[in-house]
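Q: Sequence:
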Amino acid sequence: MSLNSQEFYNKQITDFLVAENLKANSSLVQTIKGVSVVYKKDVREANPPSKNFTAEIVLANPELLKLYKELAKRHSSLAVFNDEDPSVTAICGRLVPLFNQIPTGAKAASDYHNLITGALTALFYPDLIQPHKEWEIHDGRKRIDIVFTNAADDGFFAQRRDDRATRANTVVVECKNYTSDIHNQEIDQLLGRFDKNRGYFGIITCRNIEDKVTLEKRLRDAATRHQGYIVALTDKDIIEMLDWKASLNDDAIRAKLFGMYRALLA
Numbered sequence: 114m115s116l117n118s119q120e121f122y123n124k125q126i127t128d129f130l131v132a133e134n135l136k137a138n139s140s141l142v143q144t145i146k147g148v149s150v151v152y153k154k155d156v157r158e159a160n161p162p163s164k165n166f167t168a169e170i171v172l173a174n175p176e177l178l179k180l181y182k183e184l185a186k187r188h189s190s191l192a193v194f195n196d197e198d199p200s201v202t203a204i205c206g207r208l209v210p211l212f213n214q215i216p217t218g219a220k221a222a223s224d225y226h227n228l229i230t231g232a233l234t235a236l237f238y239p240d241l242i243q244p245h246k247e248w249e250i251h252d253g254r255k256r257i258d259i260v261f262t263n264a265a266d267d268g269f270f271a272q273r274r275d276d277r278a279t280r281a282n283t284v285v286v287e288c289k290n291y292t293s294d295i296h297n298q299e300i301d302q303l304l305g306r307f308d309k310n311r312g313y314f315g316i317i318t319c320r321n322i323e324d325k326v327t328l329e330k331r332l333r334d335a336a337t338r339h340q341g342y343i344v345a346l347t348d349k350d351i352i353e354m355l356d357w358k359a360s361l362n363d364d365a366i367r368a369k370l371f372g373m374y375r376a377l378l379a
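If you want the numbering used here, it's the 1-based position in the sequence shown plus 113.
In case anyone wonders, no lab produced these hints; they're calculated from the structure.
Some hints here could point you the wrong way.
In silico EDC-like cross-links for lysine to aspartate or glutamate, where the CA-CA straight-line distance does not exceed 16 angstroms [as the list claims (entries may be wrong)]: (1) Lys-309 x Asp-276; (2) Lys-349 x Glu-323; (3) Lys-309 x Asp-275; (4) Lys-289 x Glu-299; (5) Lys-369 x Glu-353; (6) Lys-369 x Asp-348; (7) Lys-325 x Asp-294; (8) Lys-330 x Asp-301; (9) Lys-369 x Asp-350; (10) Lys-289 x Asp-350; (11) Lys-153 x Asp-267; (12) Lys-349 x Asp-324; (13) Lys-289 x Asp-301; (14) Lys-325 x Asp-348; (15) Lys-369 x Asp-356; (16) Lys-289 x Asp-348; (17) Lys-154 x Asp-267; (18) Lys-289 x Glu-323; (19) Lys-325 x Asp-350; (20) Lys-289 x Glu-247; (21) Lys-330 x Glu-299; (22) Lys-153 x Asp-266; (23) Lys-154 x Asp-266; (24) Lys-246 x Asp-224; (25) Lys-349 x Asp-294; (26) Lys-289 x Asp-224; (27) Lys-325 x Glu-299; (28) Lys-330 x Asp-294.
Based on the provided sequences and hints, a complete structural model is requested.
A: This is the structure in structure tokens:
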């Protein structure tokens, strides 16, 4: 493993235990502003470091590891992925080439959906955990492409959860593998996914944006009307952040997210 034992404990193992305590509604669960939370410091006090770090990290990321294995069957660039060394650098390095390998259009929509699930998990874990694909809402009449649980203790996603305007208990993601720009219809679709339980912050991903001025105006208009707050990420944006993540430059990722969010308020 490329990370040392203390790093494993501080990051992956702690977040696995946070998720487990939330699911079990254990005595560590607190209710803050109507939201159930478990603080990492409480988990660490109740669960001091153990020796089985390798086993714990595999348990902590079952969906991410499953995704890599599925992609490995389709893309030779992932065929050499080693479950015994799922380092952040290795993961990001194998995800980046896939953006050029997956074509735009409806036929490759599922592959793109899988790629975005893996890329956003790699980028934003442990702040965003437990990605759920095709999350059903409105009694199954509609589906959200991806819903993440917001488990951030601090930083950008913690602010989105604690901000009264966004109240992002979850982060809602829609993936658009279009050959052309996204328009009002796609923005309205994501705005329609927001509510007081899920919150009012989301991410829409797309392959490219030709008319950035028009899209940015649409997103600002939605924020100004308090309909919701949406960050649009292109392939270029995600690849840039994956490169930063591979070099453990989380500060650059946070700065980019804060900058994109501030642009909605301009």
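Q: Next step is simple, just say for each hint if it's right about the structure.
A: Here is what the structure says about each hint:
no. : hint              : in the structure
1   : Lys-309 x Asp-276 : holds, 13 angstroms
2   : Lys-349 x Glu-323 : holds, 12 angstroms
3   : Lys-309 x Asp-275 : holds, 13 angstroms
4   : Lys-289 x Glu-299 : holds, 8 angstroms
5   : Lys-369 x Glu-353 : holds, 10 angstroms
6   : Lys-369 x Asp-348 : holds, 14 angstroms
7   : Lys-325 x Asp-294 : holds, 9 angstroms
8   : Lys-330 x Asp-301 : holds, 14 angstroms
9   : Lys-369 x Asp-350 : holds, 9 angstroms
10  : Lys-289 x Asp-350 : holds, 14 angstroms
11  : Lys-153 x Asp-267 : holds, 11 angstroms
12  : Lys-349 x Asp-324 : holds, 15 angstroms
13  : Lys-289 x Asp-301 : holds, 13 angstroms
14  : Lys-325 x Asp-348 : holds, 14 angstroms
15  : Lys-369 x Asp-356 : holds, 13 angstroms
16  : Lys-289 x Asp-348 : holds, 11 angstroms
17  : Lys-154 x Asp-267 : holds, 13 angstroms
18  : Lys-289 x Glu-323 : holds, 14 angstroms
19  : Lys-325 x Asp-350 : holds, 13 angstroms
20  : Lys-289 x Glu-247 : holds, 14 angstroms
21  : Lys-330 x Glu-299 : holds, 14 angstroms
22  : Lys-153 x Asp-266 : holds, 8 angstroms
23  : Lys-154 x Asp-266 : holds, 10 angstroms
24  : Lys-246 x Asp-224 : holds, 13 angstroms
25  : Lys-349 x Asp-294 : holds, 14 angstroms
26  : Lys-289 x Asp-224 : holds, 11 angstroms
27  : Lys-325 x Glu-299 : holds, 15 angstroms
28  : Lys-330 x Asp-294 : holds, 14 angstroms
The structure is consistent with each of the numbered hints, conforming to all of them.
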